Amino acid sequence: MDLEALTEKSGEWLRGTGPESDIVVSSRIRLARNLAQYPFISRCDDTTKTEIETLLKAKMDEVAAGRRLQYLDVDDLETLDRQFLVERQLISREHADSTGSRGVGISDEETLSVMINEEDHIRIQVLRSGLSLDECWSEINSFDDALEEEVTYAFSEKLGYLTACPTNVGTGIRVSVMLHLPALVMTKEIQKVFQALHKISLAVRGLYGEGSQAVGDFYQISNQVTLGKSEDQLIQTLKDVVPNIVDYERRVRTALVKENRQSLHDTVARAYGILRNAQTISSEETMHLLSSVRMGINLGLIDNLEIPEVNELFIQTQPAHLQKLRKSELGSAERNSARASFLRRRLSGGGSGEEN
Amino acid sequence: MKKCQQCSKPATLHITEIREGEVQALHLCESCAQEYWHSELESSETEDASNSPFPMSMVEDELEELDSLSCPNCGISFKQFRAQGRLGCPHDYVAFEAELLPLLENIHGDTAQHCGKAPKRAPDASQRQYRLIRLRNDLRSAVDMENYEEAAQIRDEISELEQELGEITDTTE
Chain F
1 MDLEALTEKS GEWLRGTGPE SDIVVSSRIR LARNLAQYPF ISRCDDTTKT EIETLLKAKM
61 DEVAAGRRLQ YLDVDDLETL DRQFLVERQL ISREHADSTG SRGVGISDEE TLSVMINEED
121 HIRIQVLRSG LSLDECWSEI NSFDDALEEE VTYAFSEKLG YLTACPTNVG TGIRVSVMLH
181 LPALVMTKEI QKVFQALHKI SLAVRGLYGE GSQAVGDFYQ ISNQVTLGKS EDQLIQTLKD
241 VVPNIVDYER RVRTALVKEN RQSLHDTVAR AYGILRNAQT ISSEETMHLL SSVRMGINLG
301 LIDNLEIPEV NELFIQTQPA HLQKLRKSEL GSAERNSARA SFLRRRLSGG GSGEEN
Chain B
1001 MKKCQQCSKP ATLHITEIRE GEVQALHLCE SCAQEYWHSE LESSETEDAS NSPFPMSMVE
1061 DELEELDSLS CPNCGISFKQ FRAQGRLGCP HDYVAFEAEL LPLLENIHGD TAQHCGKAPK
1121 RAPDASQRQY RLIRLRNDLR SAVDMENYEE AAQIRDEISE LEQELGEITD TTE
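Residue numbers (our numbering), protein chains in the order written: chain F, 1 to 356; chain B, 1001 to 1173.
Keep in mind that the hints were calculated from the coordinates and are not lab data.
Heads up, some of the hints might be wrong.
[Claimed, not checked] Pairs of lysine to aspartate or glutamate residues, derived as EDC-like cross-links and limited to a Cα-Cα distance of at most 20 angstroms, are as follows:
1. F:K239 - B:D1110
2. F:K239 - B:E1030
3. B:K1120 - F:E139
4. F:K158 - B:E1097
5. B:K1120 - F:E149
6. B:K1120 - F:D232
7. F:K327 - F:E78
8. F:K239 - F:E139
9. B:K1120 - F:E62
10. F:K57 - F:D144
11. F:K327 - F:D46
12. B:K1120 - F:E150
13. F:K188 - F:E259
14. F:K49 - F:E119
15. F:K9 - F:D145
16. F:K158 - B:D1110
17. F:K57 - F:D45
18. F:K199 - B:E1105
19. F:K9 - F:E306
20. F:K9 - F:E109
21. B:K1120 - F:D145
22. F:K57 - F:D46
23. F:K258 - F:D232
24. F:K158 - B:E1105
25. F:K239 - B:E1150
26. F:K258 - F:D247
27. B:K1120 - F:E109
28. F:K158 - B:E1099
29. F:K199 - B:D1110
30. B:K1120 - B:E1164
31. F:K57 - F:E148
32. F:K57 - F:D73
33. B:K1120 - F:D144
34. F:K199 - B:D1144
35. F:K59 - F:E139
36. B:K1120 - F:E157
37. F:K57 - F:E150
38. B:K1120 - B:E1099
Everything numeric in this text was worked out from a predicted model, so none of it was measured.
Could you build all of it, start to finish, from the sequences and the hints given here?
Right, dumping it as structure tokens:
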């Protein structure tokens, strides 16, 4: 797979289309599966891991018939390339940082990715723009069905799909929706949302999953329970809850505009101003300011910029993306100045970010 | 602070039990409480009523035994699992069944029974079993949502399946 070609695109999940995509950035479903005949990863020596990888890689090619799944040997990749895949949400941070035989198969449109030898032997993921959980489920379910015809999954009648960690046992499913909630964060109403979600056993995480911070006002909401409920029920819970949060965010945005349009407009305009003029800027500050700009576009306070463009900037200003676009490895200070100059070019009047 | 009634450590868990109409209060420290749950589970499994929940002389030994309990398939001990939070192989769910149950109930709620998708290769009967479990679940939520039309449909489907499966219903409800 040509990673360089990917840098130019923003990736499926940041396409900025799909239902409710002003607030719902993306929908994601992942399934954890293990082969019945091998121990879980923590008890596998290197030979066994290689054996599993070889087996699954071959099976994946058969299953993928009709669609192309490009396989990347993660163990072989440069650190920068691994980081790049993490930023695009195609592999987990754990998968990037671990050791031994492991890899990932990625579909052309980047909607489907299959990690091999992560925490479980197989982690299938489908990622789509906007609120589209049904589409995610039908895609991942049919891939899982096809793979299951080729291999024997570890499964028990009582406990369902058996996983390395008991938190995933049963359906092995994690259904998550990524939301952009700047107004709820600004007004601190977000705390109420957290509490309500906690009560119904839904987890809230930052942009890059477990343990990551909520940068740029992005929050991932996902199921915690995986056993005792069906996939449909777990998906339905999210489908019931998300529109309420979306409404809440919209109401608070409207109230902010109504009560204090000038101050809100000022915040958005200043954010835009810094992004267009800064000489050096960190990834964190960029995310924070882009978040304001993104909301500003949705509220009609900025009119010469579109959501997909901002989404693209969110990903292309991440450290590994930036370095790949620059085609050189940069230290932290150099990155901050490269990031600022990239943003200036991109925001100065619809340029493509290429050197003029 | 109350002391554990089994040893002299401070009691951190206070349990009120109602057995055959009689209220019994228990004050236990962390490790005795764990032992208590463990023996409760075992006694309810074997339905051996004469088995006292506290074979006191064995507490220490059994705790050690619990930790040294290991899976005959992959060799991981329960202690190792507790330290790393990851199991060693699929058989661990059988080897540590009793030990994992409280943990599973804690994470997923008290219905430790899968009712989602199953591999298509699973035997036909168990497929239908799953379907039944799932339909009952659906029925419950349909009734909760006052979706009576849907509930009626699900009920019909359930009775059809039950007929197909014969007497099997006794074991699942």
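Violations among the numbered hints, reported as their numbers in ascending order:
1, 2, 11, 15, 23, 27, 38
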